[in-house]
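A.B. asks: Each chain, letter by letter, is given below.
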Amino acid sequence: MINHLTRTELLDAIEAPSQISTGRTRHLEECNACRLQVDSLRGVLARARADRVPEPSPLFWDHFSARVSEAVRDQSIGADQTAWWPRVRRPLATWAAASLASVLVLVTVLWRATVHAPSFPRVAPPDAVVTLEAPPADNLDADERWAVVRAAAENVAWEDVHDAGITAAPGETEGVALELTADERSELARLINQELKRNGV
Amino acid sequence: MVTAAAAQTDDDRTLVDAALSGSREAFDELVRRHQRHVYQLCYRFTGNHEDASDLAQDVFIRAYRGLAGFKRQSSFSTWLYRIGVNVCLNRVASHAGSRTVGLESGDRVDARAERADVALLRQEQAAEVRAAVARLPPKQRAAVILRVYHELPHDEIAEILGSSVGAVKANFFHALGNLKKLLQKS
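Protein chains in written order, with this note's numbering: chain A, 106 to 306; chain B, 432 to 617.
Incorrect hints may have been included.
[To be verified] Listed below are several chain B residues computed to face chain A (Cβ distance under 7 Å; list not exhaustive):
#	residue
1	Q466
2	Q471
3	Y474
4	Q488
5	I492
6	Y495
7	A557
8	V579
9	F604
10	L610
11	K612
12	L613
Please keep in mind that the hints were generated in silico from the structure rather than gathered at the bench. Yeah, the Cβ is synthetic: ideal placement off N, Cα and C, and Gly gets one too.
The following block holds chain A by itself, in its conformation from the complex:
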């Protein structure tokens, strides 16, 4: 079986023939196919090398360095790297947004579980004094837990939430909306209207 030169050996034969082993050199001398390939690519390389970039006027270099000097005068050196805060702030903001969003989800789930937990009629012991507890606060404005969630959410930019990879899958929003109670839906509508008015839509 003929063991032709590999790509790397061919390249070495083109660029630096002294680097290939004696055995491979012998093959190159005997193998017409390898020798033709090396010779033709060597010719291409020589032709490419013959092309020189035209040298600009000697005055150009002074003019060029002065131009660069002028251009960087208004720039701050390493503007993107010297300040540690911008490098740290972005990941921090992303992590903060991710953490806050996770807390929001958790609080919302807990809130829904407590406020809308299926209620079963209490069976009071016959001799106990029946005292009625105050009904769970279904009024969202009055709910302290919801107020905490809202206060936290106001400080989160949607871009940060999105950057943190928290997005809704197609159909997810509709699914959640269908699960809302009438009160929740009206509160959602109120919040959407409020947001639209604030943005002048």
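Start from chain A and add chain B according to the hints.
C.D. replies: For chain B alone, kept in the frame of chain A given last:
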């Protein structure tokens, strides 16, 4: 024995430190040292003097702004080449198809020492080579420019392109093969 290249690298690092400490003169000196190579690199990608000088200026501005990010894992020259290749490849990508690289009309070819027909033939061949190099895929083109015209070793090209030495050699080998086909057609 300290080689000239190693001494230049040490000098460059001293200048980088000085520039980072606020010496504009130090950065000016870095520009003067490397402007020719950066310009020639940009010329190879653009094919004309005006675009090459604009692009070379852009390379130095980016280097200045990112100087604090120079990690000294490579030489300043390698780092500068990396910026240069990125700037040039971005430029090529954004101007794809809008311009054919060749000899610009204003190229000064000193034809005093050779016959007019020989000079003309040389110009035509140069234009063919540049047009063929310009038609190579980006990484092959960068490999050819850095290897053939800047005579950089494969390992330094690998550092500049963020590839392995094997990948650079493969790119260069394929580039030669493609150049051969393109030049045969022209």
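A.B. asks: Going back to the hint list, which numbers does this structure go against?
C.D. replies: Hints 11 and 12 are the ones this structure does not satisfy, whereas the remaining hints hold.
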